[in-house]
Structures are given as structure tokens and as C-alpha cells.
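Novice: Protein chains in written order, with my numbering: chain A, 1 to 280; chain B, 281 to 879.
Note that these hints are calculated values from the structure, not bench results. The model shown is predicted, which means the values in this text are computed figures rather than measured ones. Treat the hints with care, as some may be off.
[To be verified] If we take Cβ atoms under 7 Å as the criterion, some of the chain B residues that face chain A in the derived model are: (1) W411; (2) L466; (3) Y467; (4) E642; (5) V787; (6) T788; (7) T839.
[Claimed, not checked] Just so you have them, the derived chain A footprint on chain B, three or more residues with Cβ under 8 Å: (8) 677-690; (9) 814-820; (10) 848-855.
Backbone N, C-alpha and C fix where the C-beta goes; we use that ideal spot for every residue, glycine too.
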Amino acid sequence: MSALLDVDQLRVQFAGKGRRKATEVLHGVSFDIGESETLGLVGESGSGKTTIGRAVLGLAKVHGGSIRFDGQDITATSQRQRRALAKDIQVVFQDPYSSLNPAMAIGDILSEPIVQQGSSSRDARARVKTLLDQVGLPSDSVDRRPQEFSGGQRQRIAIARALAPEPRLIVCDEPVSALDLTTQARVLELFAEIQERTKVAYLFISHDLAVVRHISDRVCVLFRGDVVETGVAAQVISHPQHIYTQRLILASPVADPDRQAERRRERRRLLDQQPTVATA
Amino acid sequence: MSITVIPDPADQTSSTVPRRSVLRHLLKDPQAIVTAILLIVLFSAGLLSPLIAPHNPNAANLDAINAGVGTPGYPLGGDESGRDILSRLLYSIETSLISALIGASVALAIGLTAGLVGGYFSSTVRNSVEWVSSLIMTFPGLITLIVLLPLTGGDYRWTMLILGVLLAPGTYRIVRNLVLGVKKELYIDAARVSGLRDFRILSRHVLFSVRGPVIVNTAFLMGAAVAAQSGLAFLGVGAKDVPSFGLMISSGFNNIYAAPLQFVWPCICLGLITGSLVLFGNSLRDAFSGPRPKRPKPVHGLRVADGAAPEQTPTSSISAHAPVLAVEDLRVSFPGTKGLREVVKGVGLTVAEGEVVGLVGESGSGKTQTAFAILGVLAPEALVTRGSVRLEGRELVGLADSKLAALRGRVVSYIPQEPMSNLDPSFTVGSQLTERVRHCLRVSRREARQTVLDLLARVEIADPQRVFDSYPHQISGGMAQRVLIAGAIASRPRLLIADEPTTALDVTVQAEILDLLRDLQKEYGMAILLVTHNFGVVADICDRIAVMRSGEIVETGTTREVFRAPAHAYTRQLLDAILEDDDSPAPSAPADRLVEVAR
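Can you make the complete structure from the sequences, with help from the hints?
Specialist: Written out as C-alpha cells, the structure reads:
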């Protein structure tokens, strides 16, 4: 069985300004995602995790390697191909404040992609009601504007927009990082529930190991534009092989004073033995 | 976190922002109403001039030469050729209106299209549009119009059309800059992912977000066109048979000794039209930016409600064993749409010497406002309605800002959440720190410089001299936070208030910063009040914690107690929401093994 999304030796450069040289932010990244699977991409700032998501979405230009979706090469797509792909690949961004147009009512935000896919506006209206119901928002939200909702509610609207065309893959770029702890837990539950029902696959990008561990089947650990470790989530996080993954795990604090003290000692010991690995 | 208060969700839903009705806002603005009425009256008079003007504007009557005001049939008198001034005024308004419409619409049509295209599409398109725009801007406006006179044949309408082209780069610049900003918004990316065509994204998402400034700009464009047309006519450029304010002012000027009033009428009319256009434009701008809360006079220090200031304790009664910080029944309110809204509702908190206390809560819980109240840096409109804040036994509430300022940076220091935005990008790190050290320690520049270098070394910066000479953009976020910590500990404060000091940082950097804070705390014996939402950070560094929810502290206790046996339901709810990674490397897995694996 071939994978739903197959990324092979992906390279992305950012153009330099003026005479400055272009910088390569991804140096040949490979991974794949199966049907209704969740792959967690974890890494710190500058690791290129967001760029990978943007490349899959066609928002960043690819300089090398290939991206295949369902067997079809989508490395460089025309606008027309991208429109067709919009039905299958969707996105939920990190910032629930900037990802919804403040000038549009929720109903219009949600029906726009549905109408774009060729439905009549009346069908779209009906579908919007179902979508709102699916993400747990009242149906009278249709006439309201994004600024009337809290961060968690806005993220639910963004999820509903992603679900609208019944996609097979959703790229989730730090979708819960801007949310409070309790809201975060509820939104993650929603993601899991949607996957169970619709069999959608997630490319779940996050800097938070706990979040990635919680939602992913497999994880990819990124460090400065390279994948340093891939594997089953529980395996990678409990038995990290790569030194960077170990450091990353030991650096994230546990919410328990005694275990955290232990983890801190552990981390110090690792650092003392491996002082050469630079991070910041 | 910034100073803005995030209202709690309940409040947000009840006071839903009404749809920004620009029209409704305009109707409440007296300036908009007066200027709109003036413009409507003047312009309709101008449009109706063929019907209501008593004379042909160019018909000369020898009897009416320099006729005074109130001459029968000539209410405003006649000019030096015996033409009716009132009729000429009415026709001049018409001329102005047509000029305004032509000039503004040409400038808008070109500027808006160029701005949308130039801002949205690739850099090649943008650069070529930019080049053309810059070329047009190099033309000297009035001179170009005069030089092109043979082409326009003196017809002011053609002149206005060219003026529109000359004005277009201004509109283009405004639109392009707005589009460049909007293009970065994630909803544009989302629309592209949804497969929307560029034209639809431009017309639906982009155009809509730039409409406000464009409409405002239109009012100014119209004013500019009216002024340019009058100016040209005043200089005597263009056809003489079309009545216009410029011509009238010019002839009134020449005739000023014979009939001084002649020159006043067109001036009043022209002034009213351009002034009204500009003022109406201003009102429009205000309407688009939405209702602005009235800002009270900025007052520094803690603005205290009448009678809320507690008695100042006489210095003698201060006990030697007073906690470093004691907050009692602190209440902070912000003026809202429905009277005062309390964001801190009676907070009580103590921090003993050398103790690390975590103030934990979700967004909108009032934890940052509590910290700001202790520092005396609340937003100017905030009001301390009750309570006391004692720093080493000294009451801060009701203290003048000059005295608070003396404490800030010496007895109490602060580390913010966003290290970068707390460093001035136009000065080197070293000069900013030196200034601070000189202020706090009152030492010479030379000594301060040495102290700063020592401090930078103390916060484990590998190359202090290089960082000293760097500008903020040249260092990383983690480095910037170290720099701010160095500044905060310069005066060896008794209390350090850290507001989410690691939230903006990567976990590996966060761990390093927490290690540093722990070491410094031990070395200096200072107390730390750590404001955070992260229970991992709390578990790592805090001795005691206080849990806040909607302005109240619901639970306090030692960190171990609260984690082991949370007493309050809300604390339990928060702890339950933590995503446990139970199968993380257990303490039993020795680090040696991990390292071996890494090799």
C-alpha cells in the first residue's frame, strides 16, 4: 500500500534579500503519512517544521526532492491543480486570530471553500450548520464575526473550515500552541474525535512534545532542517535514540516537582557528558 | 503579555462587539454631520447652478461694475467686468465639484489597481509597478500641468485627468503597503489553500481590508484636486471662460483697493469646500477605526480610587521579619463599557525572603495585572480600588511615582515575557544595560561598563564583549532574555518579578534560563515571583504556588502539596488538562545508557 503523503528528500530555500545568498532551511527531509494516520513533526524554532507544512500546502516553493499525494506528484502545482487538491488537503494554522478574516461572518468564512468546490450556496449553508455542529459551536454562530469568539472557539471555526471539503489530509501547524491548557486539551480531543469519524490523516506540527506524544501515531524529530529521528511516538519519546531528541525530552519540564527534579539532574548529567552539542 | 486585558469569556459574549457600523458612528460625530451638510449644500447648489443662478456667469453688465453687496439683482455685487458674483460663485462650485470627481476617480482607479496588483503579486510585478510609480512621482506636479497646457487646450477637465495620474502614486503607496500587510495574514493563506482564484482573493479578502484607508484617502484626493484646479486658475493657466474660484480670487485680488469684498466670497467658498473635505475625511478615518475609549490623563504610579489608599505605616513599626512582599485584598479595575470592570478581585499573596512563588493561571485570570500592580506599572486607565501592597513592609499603594521609581530596579526588578520587544532596537545591548546600571547604582560610566560585562559573564554568556557591542537583532531570543536578566539583577534586588519569562523560548533554552534563575536566586538570596501558565516550569523552580482564576486566588500551598493533593476543583481541572508523558525516560533509565545510545 502506498502512502497518502510521501515526502522525499525535500529541500526548500528562502531567497536572500538583495545580494545576500539564499539560505537553505530544509536539507532533504523525507517522511510519509498513511491514510488516517497522524504524523507529529516536532522541533524547535528554526528547525523548518512550519516550512515543511507550507511546502505540502503549496505555499512555499520547493527547490529539491518531491512531494507525492496519493501517488500524484504535487511538488510544483499550477493554480488549477492546487484548486483540485484543495478538496483533499486542508490546513489549520497556529494563530486563531489572524487565520480568520475579521471582516467576514462565520457563515461566509465556512461556505466560501464549499462554494469554491462547486456546491450551490443553499447546500453550502446546510453544510455549514453540520460543520458547526461537528466542532461543537452553536448554529447561531453563522451571523457572527470572528472577534466575537474566544481563541479556542476561533480554532474550532478554523477546524470546521478545514473539514468543509471533507479532506483526506489536514496540515495542522501548531494548532493548540496559542490556547490555554484546558482549551488545548478540549481541542485535541476534537481532533482525535474527527479523525475517528472521518478517517482524515494529520500532519501535526508542534514544538510541544507532550502535545505531539498525545496525538501522534508516529513522530519525526527535526533539528535545523534535518530529520534526526523517526518512529512510533511512544517509542521515540520513551527511548530516544538521537542525542538531540534526548536533550529535547529532558529539557521539557514535567508537571511534578519530584520527577522534574530527577529529570533536571538527568539533563545536567547528559550535558556534562556531551557539552559539544550546541542548541541556542 | 501586553498591558491589554483579556476579558473573560463570559464578559466577551455578553458585550459582543456590534458590527462596525461606519454610518452609525458618523451620525454620532458632530464634525462629520456639519461637514457633510456643508458639502451637500454647497455641491447641490453647484449642480443646480444653471437653474438657480440669477445671471449668466460670464454676462457683463456695465452698470454692475464693482457694484456693492445688496445691489438689486446682484446680492453679492458685481466684479470688475460687471459680472454677477453670486452666479460666478455657484458656477465655480460646479467647476470644483467636477474637478474633484475627475481628479479623485482617476487617481483612485489607477492607484487602487496598481496597489492591489503591486502588493499581491510576485516581486517582479511589484518592482515594475514601483518603478512606474516612482517615475510619475518625479514629475513636478503644477509645472507638468502647465507645460501640458497645449495638449489639454486649456480645458480644466483634461488638466484634472492628468492631475489624477499624478496623484495616483500616493494612493498606490497606501494601497500597496496595506496589501503587503494583509497578504501576510493567515486567512489569505487559508484562502489560497482552499483553492480560491487570485482575483477572488483580491476582490473579496484583500480589497475589503483596505477599503477604510482608501475611502478616507478619497476625501483628501478630492480636496487636493479642488485646490490644484483653483491654484492653476489663480495663476491664469487654462481657459478664462470657465468660472472658478482661482479666477475669481485672482480678479478680486487685482481689484482689492476698489472693492475689497470681491475677493472674500470665493475665498470663503473654497475654504469651506477644502476644509470640509479634509475634516470629513478625518471623521471617516475615525469611524473606520471604530469607537475609541476615552483615555484618561496618563498618570504614572498606581492610580488609587478615593479613600482606597491604606494608611502609610510609620517606618518604626516595620518589623525586621516582614516578608519581602505582602499583598492584601488587592483590587484592580479597568473602565469598561458598563462602568468599572474588576480584573483583580481581592488578591492576597506573600513572598518570603529567598522564596520562589509561582502565580499560575490561564489567560485573563489577572495574573499579569497583579504583577503590574506590584510593580506600579499598570496601564494609565487602571484603578487600584482597594488593598495594600507592601514591599519589605513599605506600603506601595498610594505612593507617588517618584518614590515607586526609586524602588523599581533596586528593591524590585522585572523580567518580561518578550525579551526582544523590551530591548530598544536602535541602541547596542551594552549601552542599554550601562544606562540602567548607572541609574540604579549611581556609578561612573567606566565602572558601569565593567559591571555590565561582569553581569553578562555571570548570566553565562560566552562572549560578553561581543554581546555588549551587539544590537538586539543580532542576538537570539534566549540570549536577549539573559541580557534582560543581567539588567534585572544588576542592583541585587530583593524581589524579582518574572512574567512568563520562558514562554516565548524553545524548551531547551527554557531549561537553561530556568537553571540560570535558580542559580542566581541561590547566590543572591532574592525572592522570585514567577507569573506563568506552565505547570512544568512551576514544578521545576517554585517553592510555593498560588493558583488564580478570574481575578481571584483560589488556592495557595507549597508546590508539592498542590501537585499531590489539589484542594480546589479548578486546580484539579488544570492539572488534569496537562498532557502527561508517563512513558518518558523514567528516572530508572540511567543517563549513561542514553549517552551510550547517542554515541
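Novice: If a hint holds in the structure, say so; if it does not, say that too.
Specialist: Consistency of the hints with the structure:
1. W411: Not OK, violated: W411 (chain B) not within 7 Å of chain A, min 17 Å.
2. L466: holds, 4 Å
3. Y467: Status holds, d = 4 Å.
4. E642: holds, 4 Å
5. V787: holds, 5 Å
6. T788: holds, 4 Å
7. T839: At 5 Å from the nearest chain A Cβ, T839 (chain B) passes the 7 Å test, so the hint holds.
8. 677-690: violated (count 0)
9. 814-820: n = 7 at 8 Å, threshold three: holds.
10. 848-855: holds (count 3)
Comparing the model with each earlier hint shows violations of hints 1 and 8; every other hint is respected.
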